[in-house]
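S.K.: Here the protein sequences line up with chains W, X, Z and Y, keeping their order.
Just so we're aligned, residue 1 is where the first sequence starts under the numbering used here, counting upward by one.
Just so we're aligned, residue 1 is where the second sequence starts under the numbering used here, counting upward by one.
Just so we're aligned, residue 1 is where the third sequence starts under the numbering used here, counting upward by one.
Just so we're aligned, residue 1 is where the fourth sequence starts under the numbering used here, counting upward by one.
Be aware that one or more of the hints could be misleading.
To be verified - Calculated pairs, DSBU-like style, for lysine-lysine (alpha carbon to alpha carbon, straight line, at most 35 Å):
no. : chain 1 : residue 1 : chain 2 : residue 2
1   : Z       : K146      : X       : K269
2   : Y       : K327      : W       : K50
3   : Y       : K180      : W       : K263
4   : Y       : K201      : W       : K50
5   : Y       : K180      : X       : K330
6   : X       : K19       : X       : K108
7   : X       : K143      : Z       : K252
8   : X       : K390      : Y       : K223
9   : Y       : K155      : Z       : K15
10  : X       : K108      : Z       : K146
11  : W       : K208      : W       : K238
12  : X       : K108      : Z       : K121
13  : X       : K373      : Y       : K327
14  : X       : K143      : Z       : K187
15  : X       : K314      : Y       : K238
16  : Z       : K121      : Y       : K16
17  : X       : K400      : Z       : K123
18  : Y       : K109      : W       : K201
19  : Y       : K327      : Z       : K207
20  : Z       : K207      : X       : K30
21  : X       : K117      : Z       : K146
22  : Y       : K109      : W       : K180
23  : X       : K72       : Z       : K214
24  : Y       : K249      : Z       : K252
25  : X       : K143      : Y       : K238
26  : X       : K396      : Y       : K223
27  : Z       : K18       : Y       : K327
28  : X       : K314      : Y       : K157
29  : Y       : K201      : X       : K373
30  : Z       : K187      : Y       : K155
31  : Z       : K15       : X       : K269
32  : Z       : K146      : W       : K145
33  : X       : K70       : Z       : K15
34  : X       : K108      : X       : K143
35  : Y       : K180      : X       : K400
36  : W       : K238      : W       : K68
37  : Y       : K180      : Z       : K15
38  : Z       : K252      : W       : K263
39  : Z       : K123      : X       : K70
If you're looking for bench data, these hints aren't it; they were derived computationally from the structure.
Since the structure is predicted, the reported quantities are computational estimates derived from the model, not experimental observations.
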Amino acid sequence: MKRALSIVMLVVMFAVLVTACAPKPEPAAAPAPEATPAAAEQPAAEKKLKIAFAYQDLETEFWVAGHKAIVETLKAKGIEVIEFNANEDANKQLEQVNDAIAQKVDGIIIIPQDGESAVAIGEACNSAGIPFGVFNRPPSNKDAKALVAVADNVTISAKAMEHMALEARKVFEKTGKKVKPLVMVGDLGDPNAVGRYQGFKNVYEKNKDIFTEYIEVPTKWDSNTALANLKSAMAANKDVGLLFCGSDFLYPVIKSVLEPLGKWQKIGDPNHIIMGAVDGDMTAGKLMDEGYVDATAVQDLYYEAELILTGMLEAIEKGEKTPEKWMDDPGFALTQANMGEMKMRMWGNKLRQEKGEL
Amino acid sequence: MGENILALRNISKAFYGIKALSDVSIRVEKGEVLGIIGENGAGKSTLMNIVGGVLQPDSGDMLLYDQPYKPKNTMDANASKIAFIHQELNLCNNLTVAENIFLIDFPKINKIPYINKREMNRLAHEAIKAVGLQCPPDTLIEKLSQGERQLVEIAKAFSMDAQVIIFDEPTTSLTARETERLFKIIGDLKQKGRSIIYISHILSDIQKLTDRIVVLRDGNVTAEGTTSSFNIDSMIFNMIGRDMKHIYPERKNVVSDEKKVELVNITKKGIVSNINLHAHEGEVVGIFGLMGSGRTELMHIFFGLDSFESGEIKIKGKLKSKNTAVQSIKQGVAFVTENRREEGLMLEMTVLENLSFVAMPNLASRFLRFIDKSRIADKAAAISQRLRIKSGAIEKSAAKSLSGGNQQKVVIGKWLMTSPEIFIVDEPTRGIDVGAKFEVYSVINNLACDGAAVLVVSSEIEELMGICDRIYVMSRGEITGCVGQDEFDRETILRYAFGQCAFNKNASHESEVQQ
Amino acid sequence: MNNNNKANMSAFALKLLKNIPLLLFILVFVVFGLITPVFFEWDNIENILTSSSYIGIVAIGMTLVLLTGGIDLSVGSLMFLSASSAGLLIRNFGFPIWLAIVSAIVIGLLVGAFHAFCINKLKLVPFIVTLSTLVALKGLTLMLTKSVAVEWPSAITGMASRRLLGFIPLPVFIFIVIIILVQLMLKSTPLGRHIYAVGYNSEVAAKAGIDHIKIIAVVYILCSVLAAIGGIISVTQLGIVNAGYGEGEEFKAIAAAVLGGTSLSGGVGSVFPGVVIGTLLIQVVQAGLVYLQVDIYMQPIITAGIILLAILLDSLRTMLEKRLERRNITKSCE
Amino acid sequence: MFLKGSPTERNKSDVKDLFVKVLLSEYFIVFFCLLIFVSLMPVTPHIASRANINNIMSNLWPLFIIAIGQTVVLIVAGIDLSQTSIIAITSVVGAAIMTSKADPTLFEKSPLWGWFLTESGGPLAGEPAAIYAAIFVMILIGVGIGCFNGFFIHKFKMPPFMVTLVSQMLFSALAIYLTKSENIIGLPKNFKAIGSGSIMKIIPYSMIFAIVVAVLAAILLNKTVLGKWLYLVGSNPKASAVIGVPTGKVIIFAYAFSGFCAAMGSVLLSARLIAGRPTLGQTMLMDVVGAAVIGGTSLFGGKGKVSWTLFGALFFVILANALNMMKLPFYVVDMAKGIVIIIAVAFDVLRIEIKRRTNVM
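Using the sequences and the hints given, assemble the complete structure.
M.R.: See below:
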């Protein structure tokens, strides 16, 4: 009996599945009963727009700020936002976007796990005819039509590192001793981490005359690992003179390692380590104000958000199904040298201003 | 009549509507050894679990020193100074002797929960000395032999000053020497005025040890009286409710000249040396030896579960090319292991499944080895009928639900599915009751009648003398004697078992005989 | 004679193998030290100890659970929850630091009690229960923090660098205190011995009169409390809790416990030297690879290799032990 | 039955009967999925739309295939934590074989560069047989890693949890090392079809893959000697050895099969994302083990079925989909997921308890 019952249930389930999977009959030929009122409704009432926003994760302040910028702007415009968190799993993100497509959203914006998955997800959106936007991480090729607003990690990291190299040259000229650089590398599975590391290396190669061999510190984007490894590295190499880190979120860790060693010093102090990182968050803003940090590679988060949102809304308005536009965020490096003019362009400082810290 | 310590009055207990005990009344006198016998399922264990606080009766009551005694759990029973030594020892092998003795009531320092190790070891030392166990109290249990572990359990009873001690089948895994020691200790306990309840299938032990006997059958007391008023036959009669003419089946097998098995000079360093043995078609060959004489190890080597260094194994005149279990099975050897629960059965699986496992590869299709379920089922049904396995529908009832005798039959049955010609049977009747024993003997006998060679390993001399045509005796990894049916004699066999190494004092000191 | 020698040799090998984690630890330490002598400096040793302290504390809790044959996969998420909630209580509700820490520990206690409830009363498998809380607690913490990093006051980060007796950093001190307490508890209290008894066989323990339900409850609660403490200890060093905090710590803790000789099937294992050495071994390898500036892509491969070697040797020990245990049956007199 | 009553009560008891029956069914989890599904239909009607059901299905297959492998390993009382890394490394190697372009700036540091991977792609770039060769090699590697696990577990009696945890670390690191973190793109168009294409727009290829693997596994487990041996070794290795089961080979086979399934899963996942990714599948582990266990496979060996695993996987996929559909804030999704899992398992335990009691009566 039990067996019979479950078999019946199974048959029913598969029947439902098969009928559901079968090609949909033309709506004109056989309009589904529930479709009629919906179709009738559409022209009458102004339908509320629905936009899906799928992001890879919210692990650092950068992503939280980016998430906030997009979600709040959309909501302010009276648009319904459906959020998905992929927990750093590209495949899960694809599944989530498919879920969104199934919900018939009007537009999809993603922060992809990496450029390659952006392409695959984009193709899914294209074939569903839903406008597709990519935020912050560029798709690896143009196979999928997309609105893209991105900064290049390698370039902006190099920009910040260039300033740091300049500072290092000053030290070299003053003391005649080559500077020992240290680089904190993020999770090797994360393309951003690798890009930033590459930016550092590019500048390092160009300035080999003033640098000694650099020290690599793996962090896996994990504070505890970063802490343990940076401690070890600092103990093994007491003469580190420059520190480049893959992300601002590790500054508290860096501080708690350097401070007891007496190396958490402001610029100008003989024990100061030339320091810089990537992101441009509030901590970095504060530390730059206080004079601990030399340079920060900044992605212009708000600008990117604005680019992608305007692009997306325009496309929806025009009824474009597969809009395509590449919008570059040139990014910049906020350095102690350009603080005057550039300071407020950094999103971390804008946040601080909102909070009344500035 | 002595003073009653414990009296059980009209105890009844049912499990899910099935009566396990009905209106059982027994009493235990001070300083006596009360034997409780009965077939498996007669209710002995249930009754003792009620006394030991593991189970609660549905009706009836118990009096301890004429006071109502209602234990809710083991600890209550212990507090009332009743100790229960289970058949499967209740020790934690990863703890020390002393810790096991004081597991529930550690000596503490000033009542803070900090174990006073010195005090604990001192008390433990006293307790184990009293039972004649010679090891430091901080020895881990896993380093002790079965017999020594049992002594630890008794020491535990000692340390709680138990007045009533229940032994449930205490000798199943003991060597003869350990058994002897146990009996001496039980005698001492009796002298000190402790009461003992002793449960066993070995009726000769019961006869030797107890003062009074209670016989249970189907949850009722069928007989009660002083030990001297019983003989083995009357005990069996009361247990199974009918006369049993013979303990051993009539021998009808014909031993032919053809050697089915031959082991030549088998040697494995430290385990066995120079083993020469053979068995003919239709012959039941016994292998007797002291516990630890290497008999089981030899059988493992023979069957291919262990390797050997030199010598050769011939099966039906053919040299065994590869010494693996698979090869043995291919050449028609079956191995009924001594530990049927751990090495013989898949307890959770059905009888049918258990019966089918050995034959499965043979009955499978050549291509991709698909199983032929219907052929297996037919064959299993036939075997089950032939062995008269008592169970529910074989495709439904789990092996664990069967009685010990029937479980043993399933283990034998699974081998019969491939119709092997050589049987190795290790301790076939351990822990099963009289009626079932007879049936197992009959199965062995029938195998021989059908032309198989059967090697029976046992530590019960009488059993081997009852069912074998020839008995090899092993001692310290060697075969020290071979006795034909006409020379069967307890003394002779034992002499061989103590070994020709008798000139070595160490050897005789360590020699242990199992009866 | 030859035989005797052989037996002696295997006994010696066994003795060596018995201390595999310790030997391997010393070996790795010395090898790294010989290559880069700075490795032997006190600074480095102190670093290794400090870095080990938080994961060591979590691993000790994990060991307790493993000793009973269970598993707790939720420790990472719980570290995240305890550290974040304590930080939030200080920052948003003005709790004094001690009260916030106590609250975090109470949270750990509640989570442990929930595990115990599910395992004891609902009879759920620990693997699934703690897998669910692994997911659920992470969600809960993200809800509380809105995924924003939680900063702790600098007074606490200062604590981490405080030295006791002039040279023991506070986290290490707490680590040592916990080692001593748990070691004493396991070896010398009825509770500790009962944990081993339940781990060996809960049925046997129950028959002997041990309240195994209570033991299981205590063990899961202790594990969660220690995870909460571990979370706080780690944050005293970091000063900030990010959204990714605590991920994967459960596997680190299990690896440390198993490297230290704890069996996953229960009943076998120790805090000292066991887990402590297991934890230190992993940290020493990690630190050594940074000292040697091994290619960062190779570092995880080498770490995995060393762990594989450690458990391989441990298995060889067990196998050898079994072989030696087999009694010599034949006469040795000839 | 134990339910008696007057005629007026019969209706009630019929309902109760039905409830008990549903609860007692070994396919309880299916009913639970259905319950979730149906109860959400009024709230989010999209959940029953064709697109969404298509979507649920396409999410189901890779998880199902991988979980089948896990089930087989669980049956022999093991666990395979290395499946995720097998997915990653096979994805990378498979893609490297068939890719038709590789950017030298990205890959010149890769140990594969020059001899295996060049500017014009992998060794079989552009060949029509490249896809088959790549899939073949992926399966080979998966089986190889499975044998590696099984070998250590059998030969040295090492705990499966630790062996597979170490090989998870090892092969994940190796996958990242092979491409130096980069994803390999430029895969043939036909390969993409495996992930998202379908026959006549009805039956997706991934479903065919999954059904083939599932049928293979089901036949293996139910009909063949080897299948029975898996259960035997899982429930009593000692007794299995006595009756001539080659326990070592059976254990190694189980892990190899798990590796095979992981590799097949990797084919589907790589095809969906059209890239070879060294981080593919990294977060799937808990879903895979969870799917197998929630379906009813025991962590202690000897028990497990392919159909159970299908329902376990279905449960996880429907749960994730339903939570996505409900437009919940992301943190609630995690919490709800954890709680629903506990509820499902608690029901399952209740079911077994009731079954035990009624059986005894």
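S.K.: Does the structure keep Y/K201 and W/K50 at a Cα separation of 35 Å or less?
M.R.: 28 Å, holds
S.K.: Would you mind confirming whether the straight-line C-alpha gap from X/K108 to Z/K146 stays at or under 35 Å?
M.R.: This hinted pair is violated, its Cα atoms lying about 50 Å apart.
S.K.: Assess, step by step, whether the Cα of X/K108 is no farther than 35 Å from the Cα of X/K143, and give holds or violated.
M.R.: 26 Å, holds
S.K.: X/K373 and Y/K327 were given as a pair; does the straight-line alpha-carbon distance stay at or below 35 Å?
M.R.: Judged against 35 Å, a Cα distance of about 51 Å means the pair is violated.
S.K.: Does Z/K15 lie within 35 Å of Y/K155 when you go C-alpha to C-alpha?
M.R.: This hinted pair holds, its Cα atoms lying about 22 Å apart.
S.K.: Does the structure keep Y/K180 and X/K330 at a Cα separation of 35 Å or less?
M.R.: 53 Å, violated
S.K.: Holds or violated: X/K117 with Z/K146, Cα cutoff 35 Å?
M.R.: 53 Å, violated
S.K.: Assess, step by step, whether the Cα of Y/K327 is no farther than 35 Å from the Cα of Z/K207, and give holds or violated.
M.R.: Not OK: Y/K327 and Z/K207 at ~52 Å, beyond 35 Å, violated.
S.K.: Does Z/K214 lie within 35 Å of X/K72 when you go C-alpha to C-alpha?
M.R.: Within the cut-off at roughly 18 Å; holds.
S.K.: Can you confirm whether the C-alpha distance between W/K238 and W/K68 stays at or below 35 Å?
M.R.: Violated, at roughly 41 Å.
S.K.: Given the proposed pairing of Z/K15 with X/K269, does the C-alpha separation stay at or below 35 Å?
M.R.: Cα-Cα ~23 Å, so holds.
S.K.: Between the alpha carbons of Y/K109 and W/K180, is the straight-line distance 35 Å or under?
M.R.: This hinted pair holds, its Cα atoms lying about 23 Å apart.
The structure fails to meet hints 1, 5, 6, 10, 13, 19, 21, 27, 29, 33, 35, 36, 37 from the earlier list, while all remaining hints are met.
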